[in-house]
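K.L.:
Below are the chains, spelled out letter by letter.
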Amino acid sequence: MKKKNTSVKPLNFTSGWEYAPAPESADHIHLEKQYELFIDGKFVKPGKGKYFDTINPATEKKIASVAEADEQDVAKAVSAARKAYDKVWGRMPAPERAKYIFRIARMIQERSREFAVIETMDGGKPIRESRDIDIPLAANHFFYYAGWADKLNYAFPNQQPAPLGVAGQIIPWNFPLLMAAWKIAPALATGNTVVLKPAETTPLTALKLAELIRDSGLPDGVVNIVTGAGRTGAAIVGHPGIDKIAFTGSTDVGKLIQKSIAGTDKKLTLELGGKAAHIIFEDAPINQAVEGIVNGIFFNQGHVCCAGSRLFVQESVADMVIQKLKDRMETLIVGDPMDKNTDIGAINSKEQLQTILKYIEIGKNEGGEIYQSSCALPGKGYFCKPTLFLNSSQSHRIVQEEIFGPVLTIQTFRTIEEVIEKANNIPYGLSAGVWTDKGSKIFNLTSRLRAGVIWANTYNKFDPASPFGGYKESGFGREGGLHGLMPYLKF
Amino acid sequence: MTRLEVLKTYKIYIGGQFPRTESGRYYTLTGKDSTPLANVCLSSRKDFRNAVVAARAAFAGWSSRPGFNRGQILYRIAEMLEGRKEQFVAELILQGAAPKAALEEVMTATDRLVYYAGWCDKYQALFSSVNPVASSHFNFSVPEATGVVAIIAPESNSLLGLVTALAPVIAGGNTCVALASTSMPLCAVTFAEVVHASDVPAGVVNILTGTSKELHSHFASHMDVNALICYGTDKTEITRMKELASLNVKRIFVHTKEDQGPYHILQAQEIKTTWHPIEQIGPGKAGY
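Taken in order, these protein sequences are the chains called A and B. All letters in the first sequence, in the order written, are residues 1 to 491 by our numbering. All letters in the second sequence, in the order written, are residues 1001 to 1288 by our numbering.
Heads up, some of the hints might be wrong.
[Unchecked claim] Label-pair distances were calculated between CB atoms; the ranges are:
no., chain 1, residue 1, chain 2, residue 2, range
1, B, 1009, A, 391, 52 to 58 Å
2, A, 397, B, 1214, 33 to 39 Å
3, A, 45, B, 1247, 17 to 23 Å
[Said to hold, decoys possible] From the structure, some residues in chain A lie toward chain B, with a derived Cβ separation under 7 Å:
no., residue
4, 17
5, 255
6, 440
7, 471
[What the hints assert, rightly or not] Derived contacts from chain A toward chain B, CB cut-off under 7 Å, selection only:
no., residue
8, 41
9, 263
10, 372
11, 375
12, 452
13, 454
14, 456
15, 467
These aren't lab readings, by the way, just hints derived from the structure by calculation. We put the beta carbon where it would ideally sit given N, CA and C, even for glycine.
Work out the full structure, taking the sequences as your base and the hints as a guide.
P.N.:
Laid out in C-alpha cells, this is it:
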C-alpha cells in the first residue's frame, strides 16, 4: 500500500497565552448535609440508621452523608411501588400519566444549572459536559417518553401492550442523572412504578431528582429512590415483589444478576460493558476523525461504556493520525471539573483511579508503547493523564478488557476484512465508530460490525429518540426510542 | 413371497450431512404395542458442539442473504413438506396420533412455513425506525439476526412444535441447532430431509435427537450460542438453563404456547442504530 505523505508539522503550543480560570459558581445550589431514602413520596431514615459519605473526587472532600438502604428499606420501597401501581399509576388514564412526566421534564429544565453543578461536584465530570450533555439529555428523555404514554397502541398494533408492574432499576456512576432518566422515563410512560438505586459514589442528583419528583406532585410511591452499594442492589434484584430488573453497569455484575433471577419470571434488561472499535480509513476526513477519536475516548474521562477505546487506523495514514492525535492531546485541559474550560475532569473515585492505573501498568508490561500528554495534574483529587498505547495487539489485556478510563489502545490495519475481523473478535458488542468518506464503505461496515450502536463519521452521540444497547456480552434490550418501550411492556 | 419392508435409519442432521451420533449411542422408540419403531440417535454434547460449529460457519452467509431470498427458501421447505405429506402423516400415526389429527398437524406446519416465508422480507420494515434526533444527524435502527440459536422443541408433538420454534429463527437470518421431541423424534429427522432438499444452505438448520435431560445444560452454557429458545416444561431444567445462559449473557426465551407471529422473529433479533452527520446547509428556504 502506497504511503500517503504523512509528514505533519508539529504544532507549537508555547505561545505564552494561558486560559484564565473560569470556574462555575456553586453558590446557587441547595445541598443538605444528610440525605434520606425516598420512599412512598417522603424522605425517610434508613431502618438501621446507617449512612455513607459521598465525596467530591476533584477535592477528596465530603459533600454529604447518604442513607444506606438494607433489605427492610428496599422491601418498604417495593411495597410502596406496588401499592402505587395497584391503586393509582396502573389505572391512571394514559394522557394524565403523560402530563406528570412532561411536568418532570420541565422542572429539570428549570433547575438544570443546579443539577449540572451537583453532577460535576459529585462525579467529577467537566461542568461543560454536565451542563451541555447530561442534564439537557435527561430532561429531554422525560419529555420524549412522556409523549409515548398515551400512544402505546400505535407503537405495538394489535398487541394490547400492558405494563409489567414494579421495576427495580440499578444505575452506574458515569452518567448519574442521565441514567436515572433513561430508566425512570420509559418505565413511567408505560405505566410501571419504580424502585431505583443510584450508584454509591454519585447518589446526589438522583436524590435531587427525588425532591423534584416530590415537588412535582407525582403520586406517592410511583418513584422510590433507595441509596446504597452492592448489597442494596442485591436486595432489589432478589425481592420477590419486583417484576422487572433494568441494570446498567459492568458485564460481571450483569451476569450475576441474570443468574440470580433464573428461578423467577422477572423480566430483565442489561446494558453492560463495551470495548468499542473505532476505525479510521485512509480516506477519512482526518482532522475531524482526530476530534472524533478524542471525543470517543476522553469524553467523561473515558468512563463511558460505549467509549471508542480500541482505535484501528489504516496503515497508510497511521503515522499522520497518531501525530495529530498526540498534538491534539497536548491541548486537552485536565483539571478542575468546575472550570468551564476543562476538557477532562476527575476520575470518579479512588477505586476507579486504581483500576485505571493498574491497567496502565498491565499495558506497559505487555509491551505496549505508552504515550501520555505532558499536562500537569492537580495535587488533590483523582486525576489521570490522557493515555495512548501504541503497537497494541489483539491479545493484550488492555485491548480485550474494559478499562473505563482515558486509555486508548491503537492498532493498525491494511484491509477491510482484517479490521472487521479484529473489531468483532471480542465478547462485547455495544458500539463502534467508522470514519471514511465513502458511503458504500460505511454501509458495508455498519452492517457487518456486531454492535448495537454505530457512529459513522461521528462518535458518542446520544438522543432520547435513538435506541441504545448492545449485542453479545454487552447486554440485551434497548433504551431510547420506540424500541426502549418494549422492555417495560408485556403483550 | 411377501416383500421384506426396507426400514429407515433415523440419523441426525449436522452441517448439511446426516451422520450418526459420534457417541454411537441410541435409544429404541417403540410403537403402540411396544413394537420397536426405530433406533434413534442419542446425541451427545460433542454432537451439539459440532452442530454449533456448523451453525456458526453458516451464519454470515445466511444472515446476509436478502430477506426475499430467505423467503423463497422457506416457501420451498413448505413445498417439499406438502409433497411428502403422506410420509409425515404415517410417522405421526406410528407415534400414536389419530389419522385426522396427524393430517391436521402436517397441514398446519406447512402453512406456518408459508406464513414465515412471507415475513422474511417484511419484519424489517415493521421493527425498523428512522429516529428523529434533535441534532444534525441521520439516525436509523434496524433489526439484525442475533446469531446462533439453540432450540429445545416442544416434547408434546413431533412436527408442528419443531416448525413453530425453528421457522421464525431462520426467517430472521439466524442459524440454529434444534433438539427434537425425545418421545416423538421421527418427523424431526424426516423434516431434516425436507430442509436438506429445499436449498437451505448447510449448517443453517441442524437437528439433533436425544434428551433434554442430557443436553439442556450444554445448550445453555455453550459460549458460541447467542440465544436459546425453549419449549420445555421441566422447571428445574429451565432454571438451570437460565442460570447457565448468564455465562455469555445469552438471550433466553421460554415458551408455553405454540403460536405464530412476527414477535417470534423479533426475539432472535438485535436492534442496531446507526448515526451519520448531515451537512449543515442552513435554514430551509422556499425553493419555488
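K.L.:
For every hint, state whether the structure bears it out.
P.N.:
A quick look at each hint next to the structure:
no.: 1; hint: B:1009 <-> A:391: 52 to 58 Å; in the structure: 57 Å, holds
no.: 2; hint: A:397 <-> B:1214: 33 to 39 Å; in the structure: 37 Å, holds
no.: 3; hint: A:45 <-> B:1247: 17 to 23 Å; in the structure: 41 Å, violated
no.: 4; hint: 17; in the structure: 30 Å, violated
no.: 5; hint: 255; in the structure: 4 Å, holds
no.: 6; hint: 440; in the structure: 13 Å, violated
no.: 7; hint: 471; in the structure: 5 Å, holds
no.: 8; hint: 41; in the structure: 32 Å, violated
no.: 9; hint: 263; in the structure: 4 Å, holds
no.: 10; hint: 372; in the structure: 30 Å, violated
no.: 11; hint: 375; in the structure: 30 Å, violated
no.: 12; hint: 452; in the structure: 6 Å, holds
no.: 13; hint: 454; in the structure: 5 Å, holds
no.: 14; hint: 456; in the structure: 5 Å, holds
no.: 15; hint: 467; in the structure: 5 Å, holds
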